[in-house]
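Enquirer: First to last, the protein sequences are chains R and C. Per my numbering, the first sequence starts with residue 138, numbered consecutively. Per my numbering, the second sequence starts with residue 3, numbered consecutively.
In case anyone wonders, no lab produced these hints; they're calculated from the structure. Note that the structure is predicted; figures quoted are calculated from it, not measured. Ideal Cβ placement from N, Cα and C applies to all residues, glycine included. Do not take every clue at face value.
Said to hold, decoys possible - A few chain R residues facing chain C, derived, Cβ under 8 Å:
no., residue
1, A218
2, S255
3, L386
4, P393
5, P447
6, G451
7, R482
8, L510
9, L514
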Amino acid sequence: MSGLWLKEARLFLRQRMALPALLLMFVLSIASVWAGMAEMSRQRDVIARIQPQQAADVAAIAKWVSKGGDAGEAAYYTFHATWDAPSALAFAAIGQRDVAPYILRVRALGLEAQLYESENYNAELALPGRFDWAFVLTYLAPLFVIILLHDLKSGEREAGRFTLLAAMARSEAGLWRRRIVLRLSLLWIALALPFTVGAVLSGASAGSIASFLLVSAAYLVFWALLCLWIGSRGWSSVTNAATLAASWLVLTLILPALAHLAINMVIPVRQGVELTLEQREKIHGGWDRPKDETMQAFFKVYPEWKDTKPVGIGFHYKWYYAFQHLGDLAAAPQAKAYRAGLEQRDNWTARTGVFLPAVGVQTLLHRWANTDLRAGLAYQDRIRAYHERLRRFYYPYLFDEVPFREGDFEKTPVWN
Amino acid sequence: MNAIRLIASDEWRLLRRNRVAMLGLLMLLALSVLAALTSITSRDSSDAIRARFQQQADAAFDGAPARHPHRMVHYGHFVFRPLPVLAAFDPGVDAFTGNTIYLEGHRQNSANFGDVRQSSLLVRFGQLTPAFVLQALAPLMLIFIGFGAVARERERGTIRQLLAHGISARTLVLGKAWGLAKVAALMLAPAALALGWLMAMESAPLAPSLFLLGGYMLYLAIWVVLIVIVSALSSHARTALMALIGLWAFAVILLPRVAPDIALASHPTLTRLETDIAIQKDLRAMGDSHNPDDPYFNAFKARTLKQYGVEKVEDLPVNYRGLLAVEGEKLTSKLFDDYATRQFAAQKAQSWQTDLAGLVSPAIALRRASVAIAGTDLEGHRRFLTQAEAYRFAIVQQLNALQANAITYADDGNRNKDPEAARRVRIDPKNWQEVPDFSYRATSTGEKLTAALPGLLILLGWFAVLAFGLRLAARRLGNAV
Numbered sequence: 138m139s140g141l142w143l144k145e146a147r148l149f150l151r152q153r154m155a156l157p158a159l160l161l162m163f164v165l166s167i168a169s170v171w172a173g174m175a176e177m178s179r180q181r182d183v184i185a186r187i188q189p190q191q192a193a194d195v196a197a198i199a200k201w202v203s204k205g206g207d208a209g210e211a212a213y214y215t216f217h218a219t220w221d222a223p224s225a226l227a228f229a230a231i232g233q234r235d236v237a238p239y240i241l242r243v244r245a246l247g248l249e250a251q252l253y254e255s256e257n258y259n260a261e262l263a264l265p266g267r268f269d270w271a272f273v274l275t276y277l278a279p280l281f282v283i284i285l286l287h288d289l290k291s292g293e294r295e296a297g298r299f300t301l302l303a304a305m306a307r308s309e310a311g312l313w314r315r316r317i318v319l320r321l322s323l324l325w326i327a328l329a330l331p332f333t334v335g336a337v338l339s340g341a342s343a344g345s346i347a348s349f350l351l352v353s354a355a356y357l358v359f360w361a362l363l364c365l366w367i368g369s370r371g372w373s374s375v376t377n378a379a380t381l382a383a384s385w386l387v388l389t390l391i392l393p394a395l396a397h398l399a400i401n402m403v404i405p406v407r408q409g410v411e412l413t414l415e416q417r418e419k420i421h422g423g424w425d426r427p428k429d430e431t432m433q434a435f436f437k438v439y440p441e442w443k444d445t446k447p448v449g450i451g452f453h454y455k456w457y458y459a460f461q462h463l464g465d466l467a468a469a470p471q472a473k474a475y476r477a478g479l480e481q482r483d484n485w486t487a488r489t490g491v492f493l494p495a496v497g498v499q500t501l502l503h504r505w506a507n508t509d510l511r512a513g514l515a516y517q518d519r520i521r522a523y524h525e526r527l528r529r530f531y532y533p534y535l536f537d538e539v540p541f542r543e544g545d546f547e548k549t550p551v552w553n
Numbered sequence: 003m004n005a006i007r008l009i010a011s012d013e014w015r016l017l018r019r020n021r022v023a024m025l026g027l028l029m030l031l032a033l034s035v036l037a038a039l040t041s042i043t044s045r046d047s048s049d050a051i052r053a054r055f056q057q058q059a060d061a062a063f064d065g066a067p068a069r070h071p072h073r074m075v076h077y078g079h080f081v082f083r084p085l086p087v088l089a090a091f092d093p094g095v096d097a098f099t100g101n102t103i104y105l106e107g108h109r110q111n112s113a114n115f116g117d118v119r120q121s122s123l124l125v126r127f128g129q130l131t132p133a134f135v136l137q138a139l140a141p142l143m144l145i146f147i148g149f150g151a152v153a154r155e156r157e158r159g160t161i162r163q164l165l166a167h168g169i170s171a172r173t174l175v176l177g178k179a180w181g182l183a184k185v186a187a188l189m190l191a192p193a194a195l196a197l198g199w200l201m202a203m204e205s206a207p208l209a210p211s212l213f214l215l216g217g218y219m220l221y222l223a224i225w226v227v228l229i230v231i232v233s234a235l236s237s238h239a240r241t242a243l244m245a246l247i248g249l250w251a252f253a254v255i256l257l258p259r260v261a262p263d264i265a266l267a268s269h270p271t272l273t274r275l276e277t278d279i280a281i282q283k284d285l286r287a288m289g290d291s292h293n294p295d296d297p298y299f300n301a302f303k304a305r306t307l308k309q310y311g312v313e314k315v316e317d318l319p320v321n322y323r324g325l326l327a328v329e330g331e332k333l334t335s336k337l338f339d340d341y342a343t344r345q346f347a348a349q350k351a352q353s354w355q356t357d358l359a360g361l362v363s364p365a366i367a368l369r370r371a372s373v374a375i376a377g378t379d380l381e382g383h384r385r386f387l388t389q390a391e392a393y394r395f396a397i398v399q400q401l402n403a404l405q406a407n408a409i410t411y412a413d414d415g416n417r418n419k420d421p422e423a424a425r426r427v428r429i430d431p432k433n434w435q436e437v438p439d440f441s442y443r444a445t446s447t448g449e450k451l452t453a454a455l456p457g458l459l460i461l462l463g464w465f466a467v468l469a470f471g472l473r474l475a476a477r478r479l480g481n482a483v
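Same shape as in the complex, but just chain R:
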């Protein structure tokens, strides 16, 4: 039995297209894994690199703010760093990590004006998308499946060996099964081996590696089945190849682009701008509203500060931070609607993935690698929670009018 497999393998590798195709797949896979890992190690380096810079920045602020000891100034001038470290598998599916910030500094002021800041990246370089393993799998691997399987039967027919082969084989079905399994598994190994090595090096869990491998195998099987179906119609090799390449074009480029167009048209998302405009009006309106009105509204949300010393006619940071927070609260409905719109877009994409394997694979890999839109939103949620911790940290100093000293800077909540 194993002799038959070995013989088939030797036969296969002697074909003109076989070995170069496998090697190319292997090299592309290695390159994509290497590029992805380099990008992730760069992002980890950036996160590590900003820590001392951030500490020095806070120390410089602490030096002069602590002299006056005003907690309001401390909260106003101190930026707090947050970051979103890449998951172990992010290297394989970089997703939105190149266009959405993975480091962001926030202050205890109105958050909605800070949350949607962008990173300084070169948009021209981001436009074509990154060269990662998910890309090699989704776009390039199907082409290799097509190269290896489009002439499985038609090639033998054209060479005049078909009848002979069918007659000589102990079981005709077994022969084709052997050939298909052999070609596909060799291709899959060329594709999956570099990924597995990269994933192990990145410290990914066995379960998540297995999920990636399973999805990639299933995706290749889909394309193999498509090849077999087209091949079973008895067309020539060249017609098979053209039809399969056209299917690839439709399934990986045209239909996803149409789906994107449809989703963005059906679910317009404009609330981002609206909410920032609204929040600014609310916050700056705070300066013109009677102070008492602002304080009463704030105390409804935070009754624990109701009985602290009232603010006078002049400026007081208590009042300032109160209307900052009220600005966020006023923009909350828009913020919620904005987020709901984004989630809806994402949900429809996942639904599209049920019908379009390329979209499905991308959705799953990026979900598991935690690099999709949802991962970006989760990072925003963590920033929101951290921002609340920051505010709650500063409030006792502000409302009880406790001086803020150099040592207090070290007590500030840290991002984790």
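Fit chain C to the known structure of chain R by using the hints.
Expert: Below, chain C without anything else, positioned relative to chain R:
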């Protein structure tokens, strides 16, 4: 020439009988029409929304109540980047850059709400626009239609009959190329109509539109010649098809993704967060306005007093706090500009490096020319950022000058204690209407074409080399048969 036309029309007859090819061609044309329609509608609506938001922001600024001018510095302004008309043809980086910036005193905010962060990962599959259809899909469709042009004749042996009838290999190859070029022209038609519409209805500039069309014609011509060359050199149609699909995948799909990775690794840029920290650090080193003994601000004070010939800031005819605000903003703005210049230079070096990959892939060269002409390249975004920053500086300084001139030093100092002073520092809101509105100056035709020139030249180079290659292929074909 007659023989060439005859062969070309023969190709057409064959194509019309080939149901699969006709179906593919019709599908591409339908996609092209759909892309043009949706792209034009979405450009128009995006631009209209931005204009509406800009109006809303202008009205909010002009309608602000009586306030201390420094309140207005912090109230700030919003500016929106208008979308050029030709963005309907090639939106370029528009979705990848934010289109609105919040401008305020002492800070430089980022451009936010780019579509890429508001879309699912589907956006990375490519957006269906006329540019995408012509750059990526049309060449592949041409390959499907043309891979067998010569190879098929060789495979079937019909080529011998043709040559026996006195048709030279060169005529044959040129005829095949001419036939395929007509298919390419047909593929270009919806895009050309879309451009015509943009010129007629939305006053798209004439010269850039024509250059855009010319660039895409050249690009498709390159593919036509390449396809015929490969077809003429292959003894089997299938080999030609495989080789061409491989070339297409390499030039259109793979290389445009690999080139940026190399550029990013060789020209790293500072993150926004690091830039912020570095600017703050530089600022503290230059002059710390919070430090009462700071040498820089002490020197500034001495200089100001001397200029007005007074002893104390209280005796100045203008509000010293306003002068300080003007001086402080000058310092921060200078740093913003310095860091932005460095950032843009690094990004330019990155883009330049990827442009070099255009020597290997005509798709990259075309993309450069296309976004440059459409005004949707990184340069367009840089212009917006630079102009927004200049505008930010101008309005902040105008407001700071109001603080210096329209408010007395005494009132400014007492505004937190004395309700009358607090009332007096809130100056007439008519002053806000004096602040000019933001108007974005787009790239001129000359600048667009200059920026597109490298890409167009590379394309011309490609065409020249391939035209020569076609001659060689014809000679080889004549010898081989």
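Enquirer: Does each hint fit the structure? Answer for all of them.
Expert: How the hints compare with the structure:
1. Residue-level restraint check for A218/R holds (minimum Cβ-Cβ distance to chain C is 7 Å; threshold 8 Å).
2. The beta carbon of S255/R comes within 4 Å of a beta carbon in chain C, closer than 8 Å, and the hint placing it at the interface holds.
3. With its C-beta approaching chain C no nearer than about 6 Å, L386/R sits inside the 8 Å limit, and its interface hint holds.
4. The beta carbon of P393/R is positioned within 8 Å of a beta carbon in chain C (closest approach about 4 Å), and the interface hint is therefore held.
5. Checking P447/R against chain C: minimum C-beta separation of about 15 Å lies over 8 Å; hint violated.
6. Taken as an interface hint, G451/R checks out: its beta carbon lies about 3 Å from the nearest beta carbon of chain C, inside 8 Å.
7. With a least beta-carbon distance of about 5 Å to chain C, the hint placing R482/R at the interface is held under the 8 Å criterion.
8. The closest approach between the C-beta of L510/R and any C-beta of chain C is roughly 5 Å, which is under the 8 Å cut-off, so the hint is satisfied.
9. Of the supplied interface hints, the one on L514/R is violated, with its beta-carbon coming no nearer than about 10 Å to a beta-carbon of chain C, more than 8 Å.
Checked against the numbered hints given earlier, the structure breaks hints 5, 9 and satisfies all the rest.
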